[in-house]
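**Student:** Sequences are here, hints too, so could you generate the full structure?
There are 2 protein chains.
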Amino acid sequence: MKLSRLGEFGLIERIRRSVRKDPAVLLGIGDDAAWVLNKTRSCLITSDVLIEGVHFNLKWTSLFDLGYKTLAVNLSDIAAMGGVPAYLIVSLGISPKFDSSDIDQFYAGIGSLATKSGVALIGGDMSVAPRWFISACLIGHAPFRPISRGGARQGDDIYVTGTLGDSALALNLLRKKVKQTPPDVLRYLLSRHHRPTARLTTGALLAREKLATAMIDVSDGLLQDLGHICKQSRIGAVIRKNDLPLSAAYRAVTGLNNPIHALTGGEDYELLFCARPRNRVRIEKLSKEVGVSITRIGTCVPQRRKVMVVDGFGKRLEIRSQGHDHFKKTIRR
Amino acid sequence: MKLSRLGEFGLIERIRRSVRKDPAVLLGIGDDAAWVLNKTRSCLITSDVLIEGVHFNLKWTSLFDLGYKTLAVNLSDIAAMGGVPAYLIVSLGISPKFDSSDIDQFYAGIGSLATKSGVALIGGDMSVAPRWFISACLIGHAPFRPISRGGARQGDDIYVTGTLGDSALALNLLRKKVKQTPPDVLRYLLSRHHRPTARLTTGALLAREKLATAMIDVSDGLLQDLGHICKQSRIGAVIRKNDLPLSAAYRAVTGLNNPIHALTGGEDYELLFCARPRNRVRIEKLSKEVGVSITRIGTCVPQRRKVMVVDGFGKRLEIRSQGHDHFKKTIRR
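Those sequence lines, one after another, are chains A and B.
At position 134 of the first sequence the residue is numbered 133 (numbering that gives the first Met the number 0), and the sequence of numbers has no breaks.
At position 243 of the second sequence the residue is numbered 242 (numbering that gives the first Met the number 0), and the sequence of numbers has no breaks.
If you're looking for bench data, these hints aren't it; they were derived computationally from the structure.
Model, not experiment: these values are computed from the prediction.
It is possible that part of the hints are untrue.
Where chains are identical, the list cannot tell them apart; a pair therefore holds if satisfied intra-copy or between any two copies.
[Unchecked claim] With a straight-line cut-off of 20 angstroms between C-alpha atoms, the simulated SDA-like cross-links for lysine to any residue are:
(1) Lys284 with Ser41
(2) Lys240 with Gly154
(3) Lys96 with Ile50
(4) Lys305 with Pro95
(5) Lys305 with Gly9
(6) Lys38 with Ala23
(7) Lys230 with Glu12
(8) Lys38 with Pro142
(9) Lys209 with Ser292
(10) Lys1 with Lys38
(11) Lys230 with Gly27
(12) Lys305 with Phe8
(13) Lys284 with Gln231
(14) Lys305 with Ser286
(15) Lys96 with Arg130
(16) Lys58 with Leu173
(17) Lys38 with Arg144
(18) Lys38 with Leu26
(19) Lys209 with Leu26
(20) Lys209 with Phe55
(21) Lys230 with Phe8
(22) Lys209 with Arg144
(23) Lys230 with Gly9
(24) Lys230 with Leu26
(25) Lys240 with Arg144
(26) Lys209 with Thr60
(27) Lys230 with Ile11
(28) Lys58 with Leu170
(29) Lys96 with Thr196
(30) Lys209 with Leu49
**Tutor:** Have a look at this one:
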């Protein structure tokens, strides 16, 4: 049914009926505000905006994946604090030319990940708009002391979960329409781009065990996000290029020695954190327990040295920053 | 400074520095998520979207007023539940042609009302966008059992705070550029449109004293919002046209007997609620205590009678619904 026929209130009712019941949600969609239980003494709140043409392109992004990713990127922020996600608010601007089944697909994408991650959709707002935009707000419980960006110290190790650069590489392939990528490689990279995995268990365990001194999720690219930790912790950082975790698919596409997407590509949604060297064994053990690879990629140094990348001989690689917001860097060899 | 020069992170830093400190905010703007104290066992969460060209027009709306109203409309939703507002998240889509001083004005508008209402700005997200859009999420404490839309019963009285229709009338004057309106009348109506007053104290006291059986704020027009109470409470309603509270300014512009904006105009942000007839004296007393007029305008009736408006002789006024979302009604005499 066309949205212009179903109307705002019909659409809200349709979404309300599709939402899973949660006993902690005392009043959900359909009142002036949602009313929910607080399960810990404090809570975590994060928010992300996704705009058509800026953050996504509907040519190669399905509405299901868009819904999935809307929740995933917010889950990743809660993971980066060591929190437990709970309640989601989603506000939409939609062109009225869309059909209600399109919107169903979007909410099915949200619902699919919400069920897996124990999140309840509790409300939002919607309006007509010339282009799609999505604004989501996720509220999480804080059973452990949250990990900020500001606690790293000189001498700390720097770690990252999973692999880096897959998502940026996928976007690159989508934009350039490269045909010769092997199908299984392409499929893997696209899944990393469209359905990122928030590292919730890893983040919560790092908080519970007090292992991370500072943490952030990699959304704008490793170097830029590491820069936020460095600024808030007043330290510098040295990253060892050869230690960057790259997937087999990444290596298959870029060759063996091209870390550019891993260093500056965005949307990895992996956890980047610092930890005292004395905790190396405990972090290795935690990695095995949760089944998520955690790789030591660098060291915290005095602030004056800023963020730098070195090769296998300890030689500094010149990194040119491009643009002023989303650091755009190229590596010259 | 042009936003394109200041950049996203410069802008966030600028906003962060302008925000008032609040001891309940353990981590505010500038991390992956905000970390705040829960002061009650449950909380209230509401969300509103404002889009340029749909909800506001920058021709006649200053950015200060836009910021003020962004918070005000969300406060009104928390008021309609009987809650206490606490934490605000604001996400923006902004055209990069704007100057940082424009954005300062917007946040000054938010800050001015935030200080008055005890609200802390704790985060958000921002992005370039072809037109302004604002998505806000407000979290409130719930010291008393919240008042939903679903508890009204047949025989309950229907009340509204303040006066109705001023905001819609102001918008009408702005659109038509009517020149002959007396300046003080125009000033009053415009202030009602640009800087609505959320009825927070009244809402919280109604919740504390358990006086309201159902409550909503009037944002889409009295009849439409009353329709939501009727639907969720499974009742009908009779509104007495002659009892509608109209301001002197409203009467000055429309003449004595034209309730169309009061019945169907939006953005009043007054509280509409139902209460048992035995509580009339207590409600009158509460109204005097908080210094906000509360007017009894109708009665809850069986559901089959739906929402109707009657004149001084009890004769039903024919109301034609126009449009399908935002009920547009005209009264024929």
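**Student:** If a hint holds in the structure, say so; if it does not, say that too.
**Tutor:** Structure-based check of each hint:
| no. | hint | verdict |
| --- | --- | --- |
| 1 | Lys284 with Ser41 | neither (29 angstroms within a copy, 37 angstroms between copies) |
| 2 | Lys240 with Gly154 | within (18 angstroms within a copy, 75 angstroms between copies) |
| 3 | Lys96 with Ile50 | both (17 angstroms within a copy, 18 angstroms between copies) |
| 4 | Lys305 with Pro95 | neither (48 angstroms within a copy, 29 angstroms between copies) |
| 5 | Lys305 with Gly9 | between (54 angstroms within a copy, 18 angstroms between copies) |
| 6 | Lys38 with Ala23 | both (9 angstroms within a copy, 17 angstroms between copies) |
| 7 | Lys230 with Glu12 | between (46 angstroms within a copy, 12 angstroms between copies) |
| 8 | Lys38 with Pro142 | both (8 angstroms within a copy, 16 angstroms between copies) |
| 9 | Lys209 with Ser292 | within (19 angstroms within a copy, 55 angstroms between copies) |
| 10 | Lys1 with Lys38 | neither (40 angstroms within a copy, 43 angstroms between copies) |
| 11 | Lys230 with Gly27 | between (39 angstroms within a copy, 16 angstroms between copies) |
| 12 | Lys305 with Phe8 | between (53 angstroms within a copy, 17 angstroms between copies) |
| 13 | Lys284 with Gln231 | neither (28 angstroms within a copy, 53 angstroms between copies) |
| 14 | Lys305 with Ser286 | neither (28 angstroms within a copy, 61 angstroms between copies) |
| 15 | Lys96 with Arg130 | both (11 angstroms within a copy, 19 angstroms between copies) |
| 16 | Lys58 with Leu173 | within (10 angstroms within a copy, 40 angstroms between copies) |
| 17 | Lys38 with Arg144 | both (14 angstroms within a copy, 17 angstroms between copies) |
| 18 | Lys38 with Leu26 | both (16 angstroms within a copy, 19 angstroms between copies) |
| 19 | Lys209 with Leu26 | between (35 angstroms within a copy, 18 angstroms between copies) |
| 20 | Lys209 with Phe55 | neither (36 angstroms within a copy, 47 angstroms between copies) |
| 21 | Lys230 with Phe8 | between (46 angstroms within a copy, 12 angstroms between copies) |
| 22 | Lys209 with Arg144 | within (8 angstroms within a copy, 37 angstroms between copies) |
| 23 | Lys230 with Gly9 | between (48 angstroms within a copy, 13 angstroms between copies) |
| 24 | Lys230 with Leu26 | between (41 angstroms within a copy, 16 angstroms between copies) |
| 25 | Lys240 with Arg144 | neither (32 angstroms within a copy, 57 angstroms between copies) |
| 26 | Lys209 with Thr60 | neither (38 angstroms within a copy, 49 angstroms between copies) |
| 27 | Lys230 with Ile11 | between (43 angstroms within a copy, 14 angstroms between copies) |
| 28 | Lys58 with Leu170 | within (12 angstroms within a copy, 39 angstroms between copies) |
| 29 | Lys96 with Thr196 | neither (32 angstroms within a copy, 35 angstroms between copies) |
| 30 | Lys209 with Leu49 | neither (32 angstroms within a copy, 41 angstroms between copies) |
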